[in-house]
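**Q** Given these sequences and hints, build the entire structure.
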Amino acid sequence: MIRFLIRRLLTGLIVIWLISVIVFGIFFIAPTNVAQLLLGKFAAQNQQLVHTVTAQLGLDQPIQVQYWHFIVRLFHGDLGFSYYSHEPVTTLIARALPVTASLAIGAAIIWVVLGVLIGILSATRPRTLLDRGATLFALTGLSFPTFVLGLLLLYFLFFQLHINGVDLFPGSGYVPLTQDPAGWFSHLILPWITLAVASMAVYVRLTRGQMLEVYGEDYIRTARAKGLSDTRVTFRHALRAALVPIVTQFGIDVAVLLGGAIVTEQVFGLNGLGRMSVQAVVNQDEPVIIAIVLLAAVFVVLANIIVDLLYAVLDPRVRLT
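Position one of the sequence shown corresponds to residue 1 (full-length UniProt numbering), numbered consecutively onward.
Some hints here could point you the wrong way.
[To be verified] Just the calculated beta-carbon pair ranges, DEER-fashion: (1) Gly183 - Asp218: 46 to 56 Å; (2) Leu9 - Val72: 15 to 25 Å; (3) Arg236 - Gly173: 39 to 49 Å; (4) Glu87 - Thr52: 18 to 28 Å; (5) Asp230 - Leu302: 35 to 45 Å; (6) Ile109 - Gln56: 39 to 49 Å; (7) Leu161 - Val113: 20 to 30 Å.
The hints are simulated quantities; they were obtained by calculation from the structure and are not laboratory data.
The structure displayed is predicted, hence computed values, not measured ones.
Using N, Cα and C, we set each Cβ at its ideal position, and we do this for glycine too.
**A** Written out as C-alpha cells, the structure reads:
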C-alpha cells in the first residue's frame, strides 16, 4: 500500500510538472504582448513604457529563466501576482476556492447519492412505470444543456416566484458557510441542481445497467437461494460489485467538473474558480491561468489516487502493488 501510494504520488508530480511546462510554453509562444494589454491606449504612445513594464514583469527574459523563477516561487508558496488586479494569486484563489468547492462537493453528493439510488430502484423494478420514468429522466438529463437548465430554474423558481411574492430561492450570489449556514445552503440549491442533473442522469443509467448485469451472476442467485432478503442481496452483494465502474465514472467526472462549474458560476453569478478562469483567459492573465490549471491538475491526480484505493476496497481481487 505504501509503495503504491509513493509511486502514484511521484507519477502525479510528474504529470503536474509536465502540465506546468506545457501551459507555460503556450503563453510564451503566444503573440500577445501582456505589457501592451495592461497599458491599453498608452502603449502606442510610449514604447519605452512598454519595455519598462515588460522588464518589471520579467517577460523579457528567456523562457527557461522565467520558468525557473516560477518553480522557485512555487516551492515557496508564491504563485505570483495578477497582471490586472495586482493582487497575489494565492489571495484570489483563496477567495474563489470555497465557492467552487461548495458548488462541486454539494453537486457531487446529489448526483452520486440520488443517481445511484434511482438506478438501484430502476434495476429492482425493471419494465415498471418507475423504471420507464428513470430512463426518461436519464435521457432528458443527458440531452439538456447545463446553461439552459440553469436559466430555466432561475426563471421559474426565482423570477416567477419573486413576482408572485414568494422568495423561496435567492437568484444569485454566494454567502460563506461560516457567515450564514442557512444562507449558504439556500443560495446554492439551484446551482447544485443545475450542475448535478446531467451527471445524475449518467449515474442512473450506469447503475441500472450494472445492477441488472450483476443480478444475473451465479453468486447472486446463490445468495437468494440461501434465503437472504432482497435488500441484503442488493446492498450487501450486488451493489458492491456494481460500484466499481461507478467509481471509475466518478474519477472522470472530477476531471471535467471545472468545465461544468464555469457555466454554472456564470449563470448564477458565483465568483468561483470557473468564473475567475474565464476572466483570466479573456485578460490574458498568465499567473492566474497557470495557477488554476495546476490546482485542477492536483485535484484530478488526488481524485484518481482515491479511485484506485476504492477499487481495492470494493473488489478484493484488486491488489495495490
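**Q** Give a verdict on every hint.
**A** Against the structure, the hints:
1. Gly183 - Asp218: 46 to 56 Å: Once the Cβ atoms are compared, 53 Å apart, the range 46 to 56 Å for Asp218 and Gly183 holds.
2. Leu9 - Val72: 15 to 25 Å: Once the Cβ atoms are compared, 22 Å apart, the range 15 to 25 Å for Val72 and Leu9 holds.
3. Arg236 - Gly173: 39 to 49 Å: The hinted range 39 to 49 Å holds for Arg236 and Gly173, with Cβ atoms some 44 Å apart.
4. Glu87 - Thr52: 18 to 28 Å: Given a distance of about 21 Å, which is inside 18 to 28 Å, the answer is holds.
5. Asp230 - Leu302: 35 to 45 Å: holds (37 Å)
6. Ile109 - Gln56: 39 to 49 Å: holds (46 Å)
7. Leu161 - Val113: 20 to 30 Å: holds (26 Å)
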